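There are 2 protein chains.
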Amino acid sequence: MTADAETRDAKPGADVEIRAEDGRLASGFIESVASAISSNDAARVRELAGDLHESDLGDLIETLEHDDRPKLIELLGKDFDFAALTEIDETVRVQLLEELPPETVAKGMRGLDSDDAVYILEDLDEVDRAKILDQIPALERVALKRSLDYPEDSAGRRMQTEFVAAPQFWTVGHLIDYVADTDELPETFYTIFVVDPAYKLLGSVPLDRLLRARRSKLLSDILEENPRTIRATEDQEDAARTFERYNLVSAAVVDDGGRLVGVLMVDDILDVIEEEADEDLRALGGVTGDEEISDPVFYTARSRIPWLLVNLVTAFFSASVIGLFEGTIEQMVALAVLMPIVASMGGNAGTQTMTVAVRALATHDIGGHNARRLIRRETLVGLFNGVICAVVVACIAGLWFQNAQLGAIIACAMVMNLVCAGLFGILIPLGLERMKFDPAVSSGVFLTTVTDTVGFFSFLGLATWWFGLGGPH
Amino acid sequence: MTADAETRDAKPGADVEIRAEDGRLASGFIESVASAISSNDAARVRELAGDLHESDLGDLIETLEHDDRPKLIELLGKDFDFAALTEIDETVRVQLLEELPPETVAKGMRGLDSDDAVYILEDLDEVDRAKILDQIPALERVALKRSLDYPEDSAGRRMQTEFVAAPQFWTVGHLIDYVADTDELPETFYTIFVVDPAYKLLGSVPLDRLLRARRSKLLSDILEENPRTIRATEDQEDAARTFERYNLVSAAVVDDGGRLVGVLMVDDILDVIEEEADEDLRALGGVTGDEEISDPVFYTARSRIPWLLVNLVTAFFSASVIGLFEGTIEQMVALAVLMPIVASMGGNAGTQTMTVAVRALATHDIGGHNARRLIRRETLVGLFNGVICAVVVACIAGLWFQNAQLGAIIACAMVMNLVCAGLFGILIPLGLERMKFDPAVSSGVFLTTVTDTVGFFSFLGLATWWFGLGGPH
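If you read the protein sequences in the order shown, they are chains A and B. Residues in the first sequence are numbered from 3 upward in steps of one, following our numbering. Residues in the second sequence are numbered from 3 upward in steps of one, following our numbering.
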């Protein structure tokens with residue numbers, strides 16, 4: 003650790019390093035907090051964890067034993083920053099919120115920006131949510147409820163309802179004085195929004211542009227017209243693409259009438275992008291649902307079993323293809339030894355294509371203009387790599403079983419299966435997308451069914467035909 | 003499309019919609035541009051594409067036919083925004099840069115922020131890069147070369163060397179006047195950095211904090227001490243984690259002596275996060291290397307073949323396990339029909355565990371404190387789901403082959419394989435990470451080898467033992 007990093011993490015009053023070199027919370031620090039909690043030493047807990055950044059505090063909560071979590075919050079008292087709850091896994095958060103008294107939660111949430119408060123409230127069930135909302139002053143409650151009325155995963159849910167807006171006839175100087183004199187502005191803002199009396203968005207003024215302008219200028223002279231806006235009902239993923247595409251730091255959220263209702267900040271978008279990439283990745287790995295690393299055994303097992311059962315069905319389907327050739331295998335057991343090779347190589351090649359296709363669909367990199375080219379490319383890549391693998395597999399299999407004809411047959415089957423793998427590796431995700439299914443979730447099952455079936459059928463079928471063996475029953 | 007979205011995308015002078023409803027470039031727009039290019043109509047090209055945002059322009063370049071790309075840049079002339087080159091695939095960018103005259107590129111790059119210029123230059127080979135650098139004025143050239151000296155994928159490569167820095171004895175008013183009066187400030191900035199005469203970073207002042215302060219205040223009174231900084235040599239992925247963790251919008255980049263050398267912006271970090279998630283996802287799907295959607299067949303095939311050959315080796319290894327039981331299979335062909343089911347279910351369950359583990363390692367969610375718990379959890383999940391799958395598979399297989407004992411044997415093998423899948427699904431990524439290998443890249447090969455081997459061996463071995471069949475040769 004360099005001197006600089008040390009300075010950064012050292013905290014006044016605390017004698018313990020917070021983070022280890024790899025960026026994880028240091029185990030010494032965790033133990034100090036845990037022991038202070040178990041001895042009910044509020045002063046020591048506050049000294050150790052009272053000034054932590056919300057993100058460090060969140061990590062700390064996740065790391066602590068289940069029973070220590072509410073105790074930590076209790077011991078920290080008013081030093082506990084409820085924003086930390088936005089940084090922890092949903093399972094842990096929901097559990098914790100159910101254990102804390104609603105008054106404590108309501109009081110803690112009043113200091114939060116509305117997007118954080120909504121984030122914390124949205125996963126609770128109706129009853130728990132109502133209990134907490136009841137404790138919140140009417141004005142804030144209405145704002146929170148309005149956000150919660152937007153659909154899940156919409157921009158309206160992620161937006162912050164605190165923002166700085168000004169009329170177009172204000173001067174730069176007037177606005178700067180207003181900002182300096184007003185206490186209840188949002189904690190952080192990067193842009194001033196210019197609105198008409200009905201809050202219809204007229205334009206935006208980034209702070210750096212404001213600073214560069216003379217005090218006497220009118221806002222209407224320096225505003226950026228038609229800034230990129232996000233509709234409140236828009237999916238958060240689409241909003242994230244807009245942020246990425248146009249390198250935004252914050253964006254106005256407007257209702258269907260073009261009225262300013264909130265602002266989306268880039269730090270929330272970072273989380274959205276990470277979440278969405280995560281979802282695709284998990285879906286491709288057969289982990290659907292919102293499983294988290296902190297979930298218990300039963301919950302995890304239950305969320306994973308549906309996928310396994312679906313795969314079991316397709317596995318029986320492929321097995322039934324092998325069953326057609328029982329007579330052939332009886333006469334030539336070498337076929338049973340070699341057949342999984344053809345199937346598994348098809349699966350691997352197909353997965354390569356599918357991974358690229360699914361990701362490109364997610365980032366909108368495939369469209370009408372290049373779909374045909376990609377289908378052609380993937381099929382040719384399958385042919386090309388099929389031939390290379392075929393040569394290798396033919397040599398090894400031929401030598402192993404001292405049978406050149408067997409080598410030739412497995413080579414042909416390999417080429418067929420890898421061409422199919424490339425073709426279906428792209429056609430399946432494209433088809434699912436067109437039918438409005440999520441290609442990340444279900445492409446894999448269909449693809450493996452194709453590559454297993456084609457793999458077994460082509461290899462065993464060719465062998466039956468060529469060697470004139472038992473043949474299909 | 004709502005009225006608002008229309009206003010947003012409608013452009014003065016252009017009579018064509020730029021983006022279709024799904025966010026992709028509209029095909030009508032692409033065709034208009036292509037036909038204007040083919041008829042060498044510079045005025046029409048400028049009218050259509052002259053005012054495009056760099057990101058739209060980048061998408062347009064990618065979508066155009068290969069030969070039309072340099073023509074577009076030529077026809078746009080000085081209206082072409084070279085920042086668009088940062089928005090396109092590396093393959094397309096490198097090709098395009100090689101085709102354009104170095105003087106044109108050098109001239110276009112002079113208008114760019116240094117991070118964009120470095121991004122464009124870094125993928126070129128030495129010779130091409132030198133040719134372009136030679137055309138750039140000395141001062142800018144030195145800054146670019148310094149950035150290029152930092153290791154690939156380091157924060158130093160991604161940082162912008164233009165920033166606003168001020169001494170601590172300046173007042174807020176002095177700084178605001180300076181900003182209003184100075185022309186060559188960076189295009190966008192969110193923070194003022196406070197430095198000593200040797201450019202050692204003393205603190206930072208976010209613009210909103212600056213606006214809230216009285217003009218007479220000293221910067222030293224309002225600066226945020228010990229702001230989060232990034233070391234220039236730090237990996238961009240670590241920098242991204244810091245941005246995410248502390249919700250940063252920009253961060254000072256310092257050298258080993260704590261001197262301010264640049265600033266990292268959140269929009270570059272968005273790209274890094276997307277890239278890294280993409281890399282993990284592709285690696286898990288067996289797509290290593292930097293393959294892009296625009297790559298030609300041969301390049302794609304070549305980049306994918308190594309992974310297929312590695313898998314071919316492991317497939318032969320599993321086949322050799324089957325080979326041990328040729329005698330058994332000869333006597334009971336049903337085993338050959340059913341054995342892929344056991345192996346494939348192990349592969350699927352193991353992949354679920356591995357996916358979760360690899361992603362948690364990437365986001366630093368697994369550490370010393372929870373590794374043991376996770377190993378225990380995954381093994382128990384394997385046991386739990388193994389039992390469920392075993393019951394299902396036993397019933398179907400027993401009925402299919404009218405053999406209850408066969409059903410019992412496949413059930414036992416299934417449980418064994420799913421427990422191993424869970425255990426190794428987490429141990430393999432953890433082990434690879436500890437040995438400093440990238441778990442996303444190679445966990446899959448090892449895991450499939452384990453689940454195939456255990457699947458075949460347990461099922462065929464149990465059957466051989468129970469039915470007293472041929473046994474290993």
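Treat the hints with care, as some may be off.
Derived DEER-like restraints, expressed as beta-carbon distance ranges [to be verified]:
1. A/GLU124 to B/HIS371: 41 to 51 Å
2. A/LYS438 to B/TYR248: 48 to 58 Å
3. A/GLN407 to B/HIS371: 31 to 41 Å
4. B/PRO308 to A/GLU19: 50 to 60 Å
5. B/VAL393 to A/LEU141: 37 to 47 Å
6. B/TYR248 to A/ASP223: 55 to 65 Å
7. A/GLU100 to B/VAL18: 53 to 63 Å
8. A/VAL393 to B/VAL18: 23 to 33 Å
9. A/GLY291 to B/ARG143: 50 to 60 Å
10. A/GLU19 to B/GLU92: 13 to 23 Å
Source of the hints: derived by calculation from the structure; they are not laboratory data. The structure presented is a predicted model; accordingly, all values stated were derived computationally and were not measured. Even for Gly, the Cβ is constructed at its ideal location relative to N, Cα and C.
Here is what the structure says about each hint:
no. : hint                             : result
1   : A/GLU124 to B/HIS371: 41 to 51 Å : 28 Å, violated
2   : A/LYS438 to B/TYR248: 48 to 58 Å : 38 Å, violated
3   : A/GLN407 to B/HIS371: 31 to 41 Å : 59 Å, violated
4   : B/PRO308 to A/GLU19: 50 to 60 Å  : 42 Å, violated
5   : B/VAL393 to A/LEU141: 37 to 47 Å : 57 Å, violated
6   : B/TYR248 to A/ASP223: 55 to 65 Å : 36 Å, violated
7   : A/GLU100 to B/VAL18: 53 to 63 Å  : 55 Å, holds
8   : A/VAL393 to B/VAL18: 23 to 33 Å  : 51 Å, violated
9   : A/GLY291 to B/ARG143: 50 to 60 Å : 53 Å, holds
10  : A/GLU19 to B/GLU92: 13 to 23 Å   : 40 Å, violated
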